[in-house]
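The hints should help you fit chain H onto chain P, whose structure is shown.
Read top to bottom, the protein sequences are chains P and H.
If you number the first sequence the way numbering that gives the first Met the number 0 does, the last residue is 64 and the count never jumps.
If you number the second sequence the way numbering that gives the first Met the number 0 does, the last residue is 319 and the count never jumps.
Simulated from the structure, these hints should not be mistaken for laboratory data.
These numbers were taken from a predicted model, which means no experiment stands behind them.
For the chain H half of the interface with chain P, some residues (derived, Cβ under 8 Å), not all of them:
(1) Phe89
(2) Thr91
(3) Phe92
(4) Asp93
(5) His94
(6) Gln95
(7) Thr128
(8) Lys275
(9) Met278
(10) Lys279
Calculated lysine-lysine pairs in the DSSO-like style (CA-CA distance at most 30 Å, straight line):
(11) Lys38/P x Lys275/H
(12) Lys274/H x Lys50/P
(13) Lys13/P x Lys298/H
Output of the computed footprint for chain H on chain P, the stretches with three or more beta carbons under 8 Å from beta carbons of chain H:
(14) 30 to 36
(15) 48 to 54
Using N, Cα and C, we set each Cβ at its ideal position, and we do this for glycine too.
Here is how the chains run, residue by residue.
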Amino acid sequence: MSLANSIYSTLFRKNYTMLATVFAAGFAWEIGFNSTMDKIWDSNNRGRQWKDIRHKYVEGGDDEE
Amino acid sequence: MLARSCLRPARTLNGLRNAAVNVSKRAASTSSGAEASPARLNIAAIASTTLAAGSLAWYYHLYGPVAFASAPAEEGLHATHYPWVHEQFFKTFDHQALRRGFQVYREVCASCHSLSRVPYRALVGTVLTVDEAKALAEENEYPDEPDEQGEIPMRPGKLADYIPAPYKNDEAARFANNGALPPDLSLIVKARHGGCDYIFSLLTGYPEEPPAGVTVAPGMNFNPYFPGTGIAMARVLYDGLVEYEDGTPASTSQMAKDVVEFLNWAAEPEMDERKKMGMKVLVATSALWALSVWVKRYKWAWLKSRKLAYDPPAETKVRR
Chain P
0 MSLANSIYST
10 LFRKNYTMLA
20 TVFAAGFAWE
30 IGFNSTMDKI
40 WDSNNRGRQW
50 KDIRHKYVEG
60 GDDEE
Chain H
0 MLARSCLRPA
10 RTLNGLRNAA
20 VNVSKRAAST
30 SSGAEASPAR
40 LNIAAIASTT
50 LAAGSLAWYY
60 HLYGPVAFAS
70 APAEEGLHAT
80 HYPWVHEQFF
90 KTFDHQALRR
100 GFQVYREVCA
110 SCHSLSRVPY
120 RALVGTVLTV
130 DEAKALAEEN
140 EYPDEPDEQG
150 EIPMRPGKLA
160 DYIPAPYKND
170 EAARFANNGA
180 LPPDLSLIVK
190 ARHGGCDYIF
200 SLLTGYPEEP
210 PAGVTVAPGM
220 NFNPYFPGTG
230 IAMARVLYDG
240 LVEYEDGTPA
250 STSQMAKDVV
260 EFLNWAAEPE
270 MDERKKMGMK
280 VLVATSALWA
290 LSVWVKRYKW
300 AWLKSRKLAY
310 DPPAETKVRR
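Okay, chain P solo, but in the shape it has when bound (with noise of 0.2 Å):
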């Protein structure tokens, strides 16, 4: 059996398990393009953004905010 036909056997034949998968996939997915785009936009911005400069004026490092 390939493995097209073993995920669709697995996952896709029932209505319930194409649903769970559907859902899953974009959950997973959303959360991995967010977090490659952020590391991208990131880098882009090295110096620019708050949090990169943000540790020279907080005081004896405590980290409320």
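For chain H alone, coordinates are given in the frame of chain P:
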């Protein structure tokens, strides 16, 4: 391939020419019955073309040119366009510059200009730490809830309070500034044509003295970038006016650049987040677009790659 694409325009032209000939033939045969002589046709064509071109020219003469009601001095000098990094598509504000710009606003501009739409809490996590913002807010007093006698006591400021205005009201502001109202700076970058470029040019554009032949009204200052050139705000930024905590040399243009970037933040505090969201949207939609192109080609492949062949019936089966 090249030869084919070169030939094609010629062919379309031929088609056009044939069509034109057909049309004139048909028109000639339906209208007069007799063949019109080429000279009369030419004259008619020239006359109607002249009429059409003439009316176009007349219309443009009447409504085309834009009327400039004011002289260039009244429009103000066009601001130079500067390569602001924070105006690039995928760049955030430089928050170190915002912090310096806020210092310039506080030490220089705040004595005349309000910044009424910016609360202290907006500064937290952008230019100040919580403790710094709290300390700054507590330097000012704000009206509290009425006490049991209905009196309104004053309390120290909190993060939720807005940065206080230098004057009680516009009248007081006008009175203190020779009748001119220093505008609120919260949205000034959005409110002026030219935005950052204009304000930077304005702040750094005061000449040593007005050019010869220019009269400046008493109490006014010459600035070529201000529409009308007479502005009630004198030059405020001079080299070394503030002392930056990060050691950046406080030249006039450095301070102007920093305060302009800060005012841009005040007008568009959502910019960093908006651009990041925009980047995500562009990436996601281009991926979806590419996918849709692929799906279309996949679905159309059979149609695009089919071959039509004419298969004539066998000679014996043709009915005569």
